[in-house]
Structures are given as C-alpha cells and as structure tokens.
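Asker: Under the numbering used here, read the sequence shown as residues 848 to 1217, first letter to last.
Listed next, with one range per pair, are the computed distances between beta-carbon atoms:
1) 1014 - 1063: 35 to 41 Å
2) 1128 - 1015: 24 to 30 Å
3) 984 - 1205: 33 to 39 Å
4) 999 - 1077: 42 to 48 Å
5) 1159 - 999: 29 to 35 Å
6) 1127 - 951: 45 to 51 Å
7) 954 - 1070: 48 to 54 Å
8) 988 - 1019: 43 to 49 Å
Subject to a maximum C-alpha distance of 27 Å in a straight line, what follows is the list of computed DSS-like cross-link-like pairs (lysine-lysine):
9) 853 - 1007
10) 974 - 999
11) 1021 - 1127
12) 943 - 997
13) 1044 - 1017
14) 1003 - 974
15) 989 - 978
16) 853 - 943
17) 1003 - 853
18) 1075 - 1044
Because the hints were derived from the structure by calculation, they are not lab data. On a predicted model such as this, the values are computed, not experimentally measured, just so you know. Using N, Cα and C, we set each Cβ at its ideal position, and we do this for glycine too.
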Amino acid sequence: MFKFLKDKLKDAAKKFSKEAEEVTEEPKVEEKVKEEVKEEIKEELEEVLDEKTSEKVAEEVVKESKEEIIEDIPKEEPKKEKLSFKEKLKKAVSKKISSKKFEELFDELELSLLEANVAVEVIDRLKEGLKMEIVDIPIKGKVDEFILEKLKDNIKELFKEELDLVEVIKKSEKPYVIVFLGVNGSGKTTSIAKVAKLLQSNGLTCVLAAADTFRAAAIDQLQLHADKLGVKMIKHDYGSDAAAVGFDAIKHAKNKDVDVVLIDTAGRMHSNSNLMDELKKVIRVVNPNFKIFVGESIVGNDCIEQSRKFSSSVGVDGIILSKADVDEKGGTAISISYVVDKPIIYLGTGQGYGDIEKFSVSKLMDSLGL
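The task is simple: from the sequences and hints, build the whole structure.
Answerer: What follows is the structure in structure tokens.
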C-alpha cells in the first residue's frame, strides 16, 4: 500500500541530504584569529611593559596566553592537516539547506507528489510548512532522517482528528441515520455492506435502504448483500422517489427499535446538477446524522474533485476510501481529508465484508515509511 509515494519521499530526503552536504559550512577560523590576537597582545605587552616591576606580570600573561593557545590550536601534521574535535563538531552541526537550494529540491519533490496524485493545495501546504522548518536551520545528525521527520510532522497535520464512528453511534439516539454518497463504480454499495457487517460485529442492528432507484441492478445488488448479512432492506420499485425510500427505512427502524439506518443513493457524477438536486432532496427529507463520501483511492485527483463537489453541494461528514489496498501512490489518502476538511473514517482493503479498516494516521505514516 502506497509504495510509490513511500519511495518518492525517501528519494527526496536523500536528495536534500546530498545537497545539504554540499552546502556544509567549513569550520570557522576563530582559532586562527584568536592566535593572531594573542600574538599582538604579547608583542604589545613586551614593548610597553619594559620596567622590571612589570616584566613578571608580562611573563605570566604571556605564559597564560601560550597555555590557552596550546589548548585551542590543534596540532598540525607535517604533511596531513587534521581537524580538532571542536572543529569536527562544528562541521557536523553546521549542515544547512539554503532557501535557493530548497526551492530547487522542492521543485523535484513537487513533481513526485503530483505523480503520486497529491492535490495541489496539499503540495502548497507541505511546501510552506517544510520551508519554515528546514531552510537555514542547523541540522544535527543525519540530514535525510531530519527531512523525513519534518515531512512526517507536516503530513500528519493534514488530517482531521480521527473519529470512531461505532462509538459515536453507540452514544447517540436511535436510529442513527447514515447516507452514503459517491459516483458509480466507487465501491459505495460494497462499503455499505462492510459497514453493516462491522456494526453487527459491535452488537448494533441495522436496516439498509435502497434509495438508488435509478438502476434496477443497484437494488438487486444491495438486496444480495442484505440477504448474505441477514439484515432487513427497505426498497421501492425502480424509478420511484429515492427520498421516500429513505423515509420509510427510518420509519421501520423506529418501529422495530433498529440502531442504524444505512441509506444507499444513486451513484452520480458530481457535475450532473439534476441528480445533485435530487440528492439534496434525499438529504433534506431523511435529515441524516452522518454523510459518508465513498471514493476510490486509486483514481487520485478525480476522487479529490468528486469529494470537493459533494462536500460543497450536500455536505460531507466523513470519508471511506475504497480499494486502498491496491493503491500504490497514496496521494488521495493524504489529500482528501485536508481538501474537504473532514476525517477519513475507513479504508476498504479487499472484497470481503471484513475487509474494512478503521483509518489510523499512525498506520498511514508506517505505510509511507515515516
């Protein structure tokens, strides 16, 4: 998972490290200056303090200066110059990345991030954060490790606080109503079945609502999942009012003391204004507690744009990224939460009902090698 982005981030850190070595400041010539100054003091003392009463003082001062000089100046080999411990230490902590070099290196990193489907506004945010924490900052230790640590810090800041949906449901009044949003083929219906199984595993009952009345196949598909899971599904005829299906499902849940209502909606392109208006009606009628956008992790910026449009049109409270297990790039996962300003709730990691994973920022960092 996310191997492409993981490799790109490591490559970027190595390039930053290489360039930082090249701009390393050499040890300062403080010791040489100190020696010259002390020599001048010595000569002045010898000229000025010519009286006998002052000769002893001068000798003591000169002796003291010599001792300091001996301590401060590293012994020189006849043929090979050696650095003192102080000089080596100064050299080790003086690695820096200039503003100009940062811009050059980030240009390369930006291309890699774009290849990995990272959203442009996320790249801009990362650049701003990294620049503040890297440029002209003395770097101790290994530069690549320092860069990766700063990348980790800035990527973590892209995410909203993690949310445990099951715990939220348990603490809420019944029935808890969830509407699922997304385009056709995004894995929305399968994700609904996975969430239903997850709720069952946590001792919660649920009812499914087939509010995708635009496709007869969608109703049949959801019914198949409901039968396998042993849960009730509310449906109307093909072409009927989607909002009415959701309304009836909520009514059933109240009558049967069901904990959660999971409402499927027609997959629609975010650019289809008529279908989006129909979806607004569904939202208005059922008044859900939570709206989940389901998007394919592997489609990259298309998924980001879809989430943006759904968020602005009907609102989004949380995100499920399907097919995350086959997403080698990872840009969608680190971008979508920042773009819509909502948390990722789950990752779809396979076709089985149990192949759904609660999203964890720390696990994502591990997947990226950070």
